[in-house]
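Protein chains: 2
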Amino acid sequence: MKYSIIAIGDELLLGQVTDTNSGSIARMLDPYGWKLDNVQVVADSADAIRQAIDRAFAATDVVLTTGGLGPTKDDITKGVLTAYFGGELREDAAVLDNVISVMTRNGRELNALTRAQAMVPTSCDVIQNEVGTAPIMWFEHDGKVLVSMPGVPHETLTMMQRKVMPRLLSRFPSDVALDHRVALVADLSESRVAMVLAEWEEALPQHLHIAYLPKARLIRLRLDGKAADAAALSADLDREYDKMIALLGKHVVAKEDVPLPEVLVKAARAKGLTIATAESCTGGNIAHEITTVPGCSDVMKGGIVSYSNDMKMNLLGVRSETLERYGAVSEQTVAEMLRGAHKACDADLVMATSGIAGPGGGTDGKPVGTVVVGASLRGSEPAIATWHFGGSRTRIIDQSTTTAIITALHLLQD
Amino acid sequence: MKYSIIAIGDELLLGQVTDTNSGSIARMLDPYGWKLDNVQVVADSADAIRQAIDRAFAATDVVLTTGGLGPTKDDITKGVLTAYFGGELREDAAVLDNVISVMTRNGRELNALTRAQAMVPTSCDVIQNEVGTAPIMWFEHDGKVLVSMPGVPHETLTMMQRKVMPRLLSRFPSDVALDHRVALVADLSESRVAMVLAEWEEALPQHLHIAYLPKARLIRLRLDGKAADAAALSADLDREYDKMIALLGKHVVAKEDVPLPEVLVKAARAKGLTIATAESCTGGNIAHEITTVPGCSDVMKGGIVSYSNDMKMNLLGVRSETLERYGAVSEQTVAEMLRGAHKACDADLVMATSGIAGPGGGTDGKPVGTVVVGASLRGSEPAIATWHFGGSRTRIIDQSTTTAIITALHLLQD
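First to last, the sequence lines map onto chains A and B.
All residue numbers for the first sequence refer to my numbering, where the first residue is 536 and numbers rise by one.
All residue numbers for the second sequence refer to my numbering, where the first residue is 536 and numbers rise by one.
Don't read these hints as lab results, they were simulated from the structure.
Owing to the predicted nature of the structure, the values given are computational and were not obtained by experimental measurement.
All the given hints hold, so there is nothing to weed out.
Here are the simulated SDA-like pairs of lysine to any residue, each with C-alpha atoms no more than 25 Å apart in a straight line:
1. K537/B to R585/A
2. K537/B to V552/A
3. K750/A to D545/B
4. K750/A to L648/B
5. K878/A to R874/B
6. K679/A to D582/B
7. K750/B to R643/A
8. K570/A to R590/B
9. K761/A to G550/B
10. K750/B to P829/A
11. K698/B to S927/A
12. K570/B to D589/A
13. K901/A to R643/B
14. K750/A to E665/B
15. K570/B to R585/A
16. K901/A to D833/B
17. K785/A to R643/B
18. K570/A to R585/B
19. K537/B to T553/A
20. K806/B to N844/A
21. K901/B to S636/A
22. K801/A to G895/B
Here are some chain B residues the structure puts well away from chain A; computed CB gaps all over 10 Å:
23. E623
24. V661
25. V680
26. A738
27. E856
28. R874
29. G914
30. L947
The beta carbon of each residue, even a glycine, is placed where N, CA and C say it ideally should be.
Work out the full structure, taking the sequences as your base and the hints as a guide.
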């Protein structure tokens with residue numbers, strides 16, 4: 536099934552808000568064989584919205600819209616949809632009840648602006664928004680469906696999961712089996728992976744397809760398949776996936792589709808190890824990434840953000856002679872940070888970073904992007920290396936974070 | 536000047552990558568009065584790209600495309616552009632030199648896939664990509680311009696800043712003055728701010744416009760203006776901005792357009808104060824946010840991610856009786872974390888969090904989303920409160936982080 540998305544809102548075109556909903560919806564519907572054909576991002580303007588709907592319906596029978604429904608907007612979207620699908624705007628008692636109950640739960644009172652949320656076109660089926668005040672509207676016309684949803688990501692995605700997706704899947708049932716396998720690959724560039732896999736990829740059966748998804752020093756490989764028979768498809772995927780994994784060898788850090796920090800948490804848990812961090816240039820981002828993993832508390836002890844040299848000395852026991860002789864950004868300092876993190880946090884597996892994230896602070900010998908990354912498993916030799924990353928401050932922090940987690944993972948692989 | 540963006544790539548429609556380029560470009564061009572009219576996200580498909588170009592040129596005279604140029608793609612975009620604008624694909628010696636020099640700098644070798652990057656349509660002006668291998672192509676036809684750029688954000692944005700934007704601005708010069716003022720507002724909902732400002736907004740002169748940008752417990756208000764005379768516009772903006780600020784009072788936490796963590800870093804620097812964190816449920820995210828601010832090291836000492844109770848006791852001196860009697864998620868524990876952070880990190884202004892980010896771990900008394908947030912300025916009473924946030928784990932972490940920074944900022948306001 537193909538569908539289109541229209542993301543509505545001046546704030547999106549001003550670059551004040553990024554449309555993450557379209558990607559989230561695509562990932563949600565993808566396992567069911569629903570293919571996002573196109574996304575249009577348009578202004579809060581009646582003409583723009585109307586034209587976008589025309590174009591979307593020309594391409595696909597299902598159109599999802601997000602946004603354009605906030606209480607401070609001029610309700611343009613609802614007006615346009617009413618004109619497009621017929622009927623009129625009318626206050627809906629059930630929606631008003633829902634708005635009042637959502638607001639009461641959040642400790643807020645109904646006002647004139649939020650009350651207007653209860654006005655809905657008579658031509659739609661309302662799906663109550665269980666986590667916000669803007670109602671979801673389901674329109675049908677000539678076998679085509681348009682669903683208008685709010686733009687606040689947690690509302691869109693919660694209601695998509697709870698109500699909209701189930702209804703879409705039952706309205707347009709499928710009879711083709713779809714399946715996929717994912718691997719996370721570290722330490723290789725995209726073109727290097729492509730060359731390693733070239734011959735295998737050339738010989739892939741027609742109904743299988745490989746996609747490359749590079750991101751800050753990590754590549755996600757996704758092998759997709761589509762066939763009438765689910766069991767045969769699964770066997771085909773397993774066979775080709777095994778060949779692919781064999782070609783990539785130790786560069787495969789995970790054989791499932793989970794975020795990298797979760798790979799580390801699971802690997803540590805499997806070995807009964809605890810984790811901690813000692814971060815300078817990453818400033819807490821490694822600990823933050825690890826603690827985004829639900830249920831990580833059995834493994835994650837915490838960490839020390841030793842941004843200043845004081846903290847490196849007082850909390851991690853880095854020696855002042857080491858800092859003076861080699862500098863904070865040195866393999867010697869990181870080695871002492873690792874030792875200190877084992878001790879201060881009483882953890883088995885620790886990661887440490889020290890570097891120059893920029894834009895200031897670079898020198899000829901240690902330019903911006905120079906980052907020392909280390910990981911250490913209690914009782915073994917630590918792995919410490921100096922890297923030279925490119926890009927902005929944020930990008931250098933991201934690459935350092937990913938590299939620290941990959942370094943730690945390699946210690947568990949050995 | 537109006538323009539359109541086409542973001543090309545299957546990965547965008549699969550939700551594997553989010554298009555952040557469009558927003559970044561919009562923010563970059565916005566100060567020059569360039570208005571992003573629409574964004575289309577389309578697949579690596581010749582038909583889809585061709586149709587998107589037709590639609591974009593129907594709406595605006597300038598079209599920017601991002602993506603579709605990676606070494607593992609089937610070079611569809613370059614083929615489509617060659618067919619669309621005429622000419623043929625030919626290897627360009629200067630581009631090949633650039634590809635080789637970029638790869639050498641990154642310690643990589645030319646291979647067949649990267650060599651293909653040097654093939655460019657004869658109908659375009661090439662802008663050398665100084666930070667990547669995919670060349671930037673500038674096409675002109677009947678007074679209309681299309682610029683094709685790579686999709687990797689740091690390449691797109693670096694080259695946009697260095698070459699593409701200056702050339703666009705000189706190709707289409709403007710004679711209207713534009714200006715704006717920004718304020719960050721905390722502790723009020725979007726609809727509450729709208730009601731406070733309703734009367735003032737109603738009376739705003741025609742050439743001024745206010746926009747609301749809410750994000751995790753913070754609202755960015757942007758007052759924009761457009762006029763022939765720059766000095767008169769600036770005076771009008773100052774007058775209306777002052778009125779707006781007066782209406783919102785102490786809820787205004789910043790009178791400039793900077794990220795919230797930077798507001799805190801600047802405020803602390805102005806008072807000669809150092810900052811540190813003691814984080815449980817936010818897991819290092821507050822320290823991470825603060826250390827995204829370039830040059831924060833004169834103010835930021837670091838922090839302790841005391842995810843486990845061990846770390847709370849050993850590094851922050853939280854008493855075991857307090858944890859047993861009140862639990863880790865309690866105002867009593869957070870008070871001791873704050874005291875411990877002052878001492879362990881030797882910092883003047885500290886923030887602490889302890890809560891249940893979910894999805895597991897909630898109880899009847901302390902459901903998921905319960906977060907205690909505190910801030911303390913050395914020598915004064917700490918500010919500690921219990922909050923109930925909604926949404927996913929990530930959203931609860933984000934809201935807790937913003938709340939901690941706002942709480943600390945209020946201590947500096949008093």
